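2 protein chains.
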Amino acid sequence: MAREANLSVLVQKHLFHTAKLDLDVAQSIPATVGYETYGQLSPARDNAILICHPFGGTSHAAGRYGADDPATGWWDHLIGSGKAFDTDKYFVIAVDSLCNLSVKSPLVITTGPATINPATGRPYGSDFPQISMRDNVRLQYQLLQSLGIDRLVCVAGPSTGGFQALEWAVTYPDMVDRVVAVAATHQSPAIFALAVCQAGIDAVTADPAFKGGHYYDSEGPTAGLQRAAFLVSTLMHSDAWAWNMWERKTAPGSMHPRADREGRFAFQAGMAELAEALAQDWDANHFVYTARAALLHDIGYANRGLEVAAQKIKARLLLVAISGDMLFPPEASKPLAEAVNRYGGNAEVALMESGAGHSGSLQDCAWLAEPITRFLRREQMH
Amino acid sequence: MAREANLSVLVQKHLFHTAKLDLDVAQSIPATVGYETYGQLSPARDNAILICHPFGGTSHAAGRYGADDPATGWWDHLIGSGKAFDTDKYFVIAVDSLCNLSVKSPLVITTGPATINPATGRPYGSDFPQISMRDNVRLQYQLLQSLGIDRLVCVAGPSTGGFQALEWAVTYPDMVDRVVAVAATHQSPAIFALAVCQAGIDAVTADPAFKGGHYYDSEGPTAGLQRAAFLVSTLMHSDAWAWNMWERKTAPGSMHPRADREGRFAFQAGMAELAEALAQDWDANHFVYTARAALLHDIGYANRGLEVAAQKIKARLLLVAISGDMLFPPEASKPLAEAVNRYGGNAEVALMESGAGHSGSLQDCAWLAEPITRFLRREQMH
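As you go down the protein sequences, you meet chains A and B in turn. For the first sequence, this note's numbering assigns the number 1 to the initial residue and increments by one for each residue that follows. For the second sequence, this note's numbering assigns the number 1001 to the initial residue and increments by one for each residue that follows.
Treat the hints as calculated values from the structure; they're not laboratory data. Be careful, since some hints might not be right.
Pairs of lysine-lysine residues, derived as DSS-like cross-links and limited to a Cα-Cα distance of at most 25 Å, are as follows [what the hints assert, rightly or not]:
(1) K1211(B) / K211(A)
(2) K249(A) / K104(A)
(3) K89(A) / K314(A)
(4) K1104(B) / K1211(B)
(5) K13(A) / K104(A)
(6) K249(A) / K1312(B)
(7) K1089(B) / K1013(B)
(8) K1334(B) / K1312(B)
(9) K211(A) / K89(A)
(10) K334(A) / K1249(B)
(11) K1249(B) / K312(A)
(12) K1089(B) / K1211(B)
(13) K1089(B) / K1314(B)
(14) K1334(B) / K249(A)
(15) K104(A) / K89(A)
Fair warning: this is a prediction, and the values are worked out from it, not measured in the lab.
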């Protein structure tokens, strides 16, 4: 066994099924999702931490699937023995989202438009009901109930994972002691909603191969989905990050783009490659449904506004904003923190300096270890 | 005559034609463009200021076309009697770009893919040679020569207009005393190049109605062009701006988008309307050519790098960065200023605080009056 592999826990995928998940849109569906756990649940079942994955993420938040697995889960820097979410102490759970983008990956188990509709024997396609961030939270709640867990030390996540962590604090206020939301706000910022979600949805649905979402008998809108992935991955990053990756070099095997119209810079070719790799496991409908859920995120929705939602929250909140994040500008974290503190709650905003932009919540996540460790040591609110 | 109209100069469009414009791509074309002038050229012809328009702009930088004209030019706050570019003192010129996006507007005169190719009697389409920011500068140079102007007090512009102003300082260093580049850098920032230019180009060219750029016998890729306009206008703005415009209201006549899949927020509907209005006068090829020219912008290109380009510059530079600009992050203005100052030149960076993001260079342009006035009063460098 390689020495490096010893630093990460070895994990396996579990499966959770519910016959009836109530959705925000007043429909119910049967749902099956994958999940992973790290560490041991205490006999009192009082040491559980839930990690919610971001937009293009999965339940593989930490560890490796085997000693030879070259990659670790996406927050492996933070989850494990002696790490911020210390698996010697805590039982950590991560769950695949509904309509998970990477439905084509053998390591993802999800329910969405690509799932066979029991009523017809064919994939739901666009007949699948629209899901919300809160629907994911309801599903995670059912899973926790099945494990006998009725109290969470913490719910944490970056980006749309942070959306869900905040929905937890409002939807099940008596179950959550602490919330860590990284690069996430109480509702979708407008530019994120328009540039990533709406423009991405439009790129997919405008592809003639999308066929209104019923494309499962054909190849599907691969080109439109790649354009959407290109947008998402571009806007997650920053100029500093792109410069560090590629400077202003010409793409390998290409003429200089000023000399030849087919020529490309390395950053054009590189970003297109990243997007293509990203979209390889994605399903177009799953992208559209998740992007719509992200666009619609608002913890104040059924709670009649931010003020009322803030009053429901009993958990301590740690909101981490990223300095160079163009989609979640740091000032967008303030309204929630101010509303919570106004009603006697406890919310703090921490500013993370990262040159990587929004993707700093993953790439530079080691920075989070110290503030999260400190945050978990604090006394709980109630 | 309404009193307000008196505050702006009354202007008319002029026309400049050259039989031979040499392009960066080693081809020559005949070119015709429109231009406007404000103020009087002095007998010594030594009081000229050139204003370069941004991406979706035109030569209508100031004034009104008649007393009843409801709108003024895009930098009217800065150009006129007693304003920063004082027309009592200076002769101000603004020129339509090559491949100007708004070719369908009767007030724009430009040469590009929509122009009739004299060799075939039909529109060039994608046979038109790729143009660059510097090609626009060469064309402006020819126009100035035709007016007997061989010295400029200042060249100024926002965004891609600023790109051209900087190209002026490198291409004709002995003609330019001062340059004001607002929200513009020595080369295209990567995220601007990818998210606005490349993703916009992809949205247009992926539309089946684009037909490889030869669509002039049919309607053309209207839907793709609107998607491109949606992206451009979204990313020019900021969350603060969108919130001030629409808060989180439901679009008029729509269900709440959480309750109904066809429902939309006001900010979705509003931004789509803005984009549609914007794209109404646009030609798809002209968008693609201009976006590509913007993507390729680099004053260091034929000058073999920023260091060499910086050594050529003799003009004083005022680089204005905007605090909330996600496409041109303020730190991206530093490398040019530092390189110029390292070689004994004189460049300063000013930070403009604007909640409007990149579009603050137009919307909040009144802020620029004071620094530009001060800058124009300074002694010239040589």
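Hint by hint, here is what the structure shows:
no.	hint	verdict
1	K1211(B) / K211(A)	21 Å, holds
2	K249(A) / K104(A)	34 Å, violated
3	K89(A) / K314(A)	23 Å, holds
4	K1104(B) / K1211(B)	20 Å, holds
5	K13(A) / K104(A)	15 Å, holds
6	K249(A) / K1312(B)	23 Å, holds
7	K1089(B) / K1013(B)	21 Å, holds
8	K1334(B) / K1312(B)	18 Å, holds
9	K211(A) / K89(A)	50 Å, violated
10	K334(A) / K1249(B)	20 Å, holds
11	K1249(B) / K312(A)	23 Å, holds
12	K1089(B) / K1211(B)	50 Å, violated
13	K1089(B) / K1314(B)	23 Å, holds
14	K1334(B) / K249(A)	20 Å, holds
15	K104(A) / K89(A)	34 Å, violated
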